[in-house]
Amino acid sequence: MAVRNRERTVLETNRVIGRNQTYGHVDDVVDAPVLTHPRATPAWWYIGFAIALALLGMYLATVVYLITTGIGIFGNNIPVAWGFPIVNFVWWIGIGHAGTLISAALLLFRQPWRTSINRFAEAMTIFAVVCAGLYPILHLGRPWVFYWLLPYPNTMGLWPQFRSPLDWDLFAISTYASVSILFWYIGLIPDLATLRDRAKNKGLKLFYALLSLGWNNSTKAWQRYMRAYLLLAAVSFPLVLSVHSTIAMDFAFSQVPGWNNTIMPPYFVAGAVFAGFAMVLILAIPLRKAFGLEKLITMRHLDNSAKLMLATGLIVVYGYMIELFIAWYSGVEFERFMALNRVFGEDHGIYFWALIFCNFIAIQPLWSLRVRQSPLALFIISLIVSVGMWLERFVIISVTLTKEFLLSSWGDYDATVFDWSLYIGSLGLFATLFFLFIRLLPSIATTEMKELVHHDEHHGSDYFETIRARERGLEVEG
Amino acid sequence: MSDVTTTTGAQTRDLYGLVAEFDSAEEILAAADATRAAGYTRTDAYTPFAVEGLDERLGMKSTRIGWIMLLAGTIGGFLGFYMQWFANVVHYPLNIGGRPFNSWPNFIVITFECTVLVSAFTVGLVMLARNGLPRPYHPIFNTPNFENATRDKFFLCIEASDPNFDLIETRRFLERLSPTRLSEVER
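From first to last, the protein sequence lines stand for chains A and B. Taken in order, the first sequence gives residues 1 to 478; the numbers are from our numbering. Taken in order, the second sequence gives residues 1001 to 1187; the numbers are from our numbering.
If we strip away everything but chain A, and leave its shape as in the complex, we get (with noise of 0.2 Å):
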């Protein structure tokens, strides 16, 4: 009896939609937040939004007292050049990674699990890449003039560095910003304007009629917006590869032992995707909770987010194997040395245990059935796993710098406290974003919903599951 309980909730758990879902319904469930008068929502978001603004407030501090007095206020310093700024850029932006990738892959492989959680994820993308944005402009010393990065007719008569990885930076992250938002407004327009149709408000309903452009569902409409929307993912999924090679190759084309390394572009695309996806989660579990979305963010999108980040978690762990094993094997007396120094160091060497805890040992619970059905578990996981690639990159940029060729240019790091509010606040940042999203925007794409139900109705979503259930002599409900 209790395999079979089993099994139905495995039967269960395969469901990318709840079962007896109407088009209306999707709508209702989805729009319901967002249409609500601003005295009906709930307590939590005020709460929470104001949390999110006094840290956005902590940034904006930061910044000002960073642009009035210099980069002198972070710990930056020889030999660590490259302190918290780097570090967190290079986290910001892995977060962002797994929405290009639901959105973009799984459109492309025909994941219709990818539905329910596209559309927050892709902001998620955005604001994640905004806060990282920032960070490489804001530790330029001159954040002013970030412009002289790109490209323009000046009157110096000069062009940018276009050898050097900071121009690639900017012109991958640019371009996978823009193409992001892009990607992430079209999707949004049909979405926007069942919003003006559904608002009763006059102001919202003018505010959705705009941005929605007068979108009417003709037939032709769709046929073009569709392929668009496929090729648009197409280009997205070779753009997110290319965004977190080039910060790779960033380090890579130093000539610093433990970044000097081929390893570098894969094992940081799929660190990227291992953050991203404990993003997802962290985000998914507590908005579904809070907007009822249980029967359109099902079991199965945190079963299938926990298998990605469970595979990603070990083709990292492979990394760290294969970086050991190249600095050894290398035969490079200060590639070996790096590595001893990272895993063993006595200053240092904490942060190698805890991240292989936090990357490696904490993730392994992923492979039961039971953990990944409990939303709690996975929560608390992928909360881990955030720590733990935050501590990736901080092991690899700032604990390698500390102890390089020279003895003599042997130093230490020290976050100041600006380093942390700075960090800390564009947390706040991220949260500000996202909770005026859940507020503004509907969270998930109802009309690529509706597709589904439509599927659901008349083809059966889950038509094997269904006939493999019978052929175990299972009932099957509904």
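Worth flagging that the hints you see were computed from the coordinates, not collected in a lab. Think of the CB as a built atom: it goes at the ideal place given N, C-alpha and C, for glycine as much as any other residue. Check before you lean on any hint, since a few could be wrong.
[Unchecked claim] Restricting the straight-line Cα-Cα distance to at most 16 Å, the calculated cross-link-like pairs of lysine to aspartate or glutamate (EDC-like) are:
#1 A:K202 / B:E1056
#2 A:K220 / B:E1052
#3 A:K295 / A:E457
#4 A:K200 / A:D28
#5 A:K220 / B:E1159
#6 A:K220 / B:E1056
#7 A:K295 / A:D197
#8 A:K205 / A:E457
#9 A:K200 / A:D31
#10 A:K200 / B:E1147
#11 A:K205 / B:E1147
#12 A:K295 / A:D28
[As the list claims (entries may be wrong)] Distance windows between CB atoms, simulated:
#13 B:P1134 / A:L60: 29 to 37 Å
#14 B:T1074 / A:W144: 16 to 24 Å
#15 A:K307 / B:A1030: 38 to 46 Å
#16 A:I424 / B:A1030: 52 to 60 Å
#17 A:A40 / B:P1134: 47 to 55 Å
#18 B:T1074 / A:Q161: 25 to 33 Å
#19 B:F1086 / A:P286: 30 to 38 Å
Starting from the known structure of chain A, arrange chain B on it as the hints suggest.
Just chain B now, with coordinates in the frame of chain A:
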């Protein structure tokens, strides 16, 4: 024919078309088949989501947006590389450690990003432009109950500009498809 008064009092020349409302995707697919078989060519359907195969059943040709994107991406990639080559070989050559001016492997990242940027924005903007967006007014919004086209209703419109359009005949034809509602929509 052009001065026949419709049931709502509009002249046919002010008429945008006849719109039939259906409850499900299956009904509108069947209606699209019937409409095409009856020889109507200036038709469009308005559905809450992209119903698979509806464009073909209405006799719409496939979109060429992919070719436009391929062209734009090629141009974007070429211009991206040319910019770097021009800057480093022609306009501002710098000898750094004896490396070649045209050190093309260094230019790949920016070339790739330019390809993606130009092709993505071309496909996005061309899609909007070909769909006539942004558009402040469209006659189809005069259809009664049309706000449910974004919810759960399916609309089929035979436009008055169709060569086979005849107010009485077309109306009779659409009635035979047993829609839940049939409306004459003004321009």
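Checked hints:
no., hint, verdict
1, A:K202 / B:E1056, "violated, 38 Å"
2, A:K220 / B:E1052, "holds, 12 Å"
3, A:K295 / A:E457, "holds, 15 Å"
4, A:K200 / A:D28, "holds, 14 Å"
5, A:K220 / B:E1159, "holds, 14 Å"
6, A:K220 / B:E1056, "holds, 10 Å"
7, A:K295 / A:D197, "violated, 24 Å"
8, A:K205 / A:E457, "violated, 31 Å"
9, A:K200 / A:D31, "holds, 12 Å"
10, A:K200 / B:E1147, "holds, 12 Å"
11, A:K205 / B:E1147, "holds, 12 Å"
12, A:K295 / A:D28, "holds, 13 Å"
13, B:P1134 / A:L60: 29 to 37 Å, "holds, 33 Å"
14, B:T1074 / A:W144: 16 to 24 Å, "violated, 36 Å"
15, A:K307 / B:A1030: 38 to 46 Å, "holds, 41 Å"
16, A:I424 / B:A1030: 52 to 60 Å, "holds, 59 Å"
17, A:A40 / B:P1134: 47 to 55 Å, "violated, 31 Å"
18, B:T1074 / A:Q161: 25 to 33 Å, "holds, 26 Å"
19, B:F1086 / A:P286: 30 to 38 Å, "violated, 51 Å"
Hints 1, 7, 8, 14, 17 and 19 from the list above are not met by this structure, while the remaining hints are.
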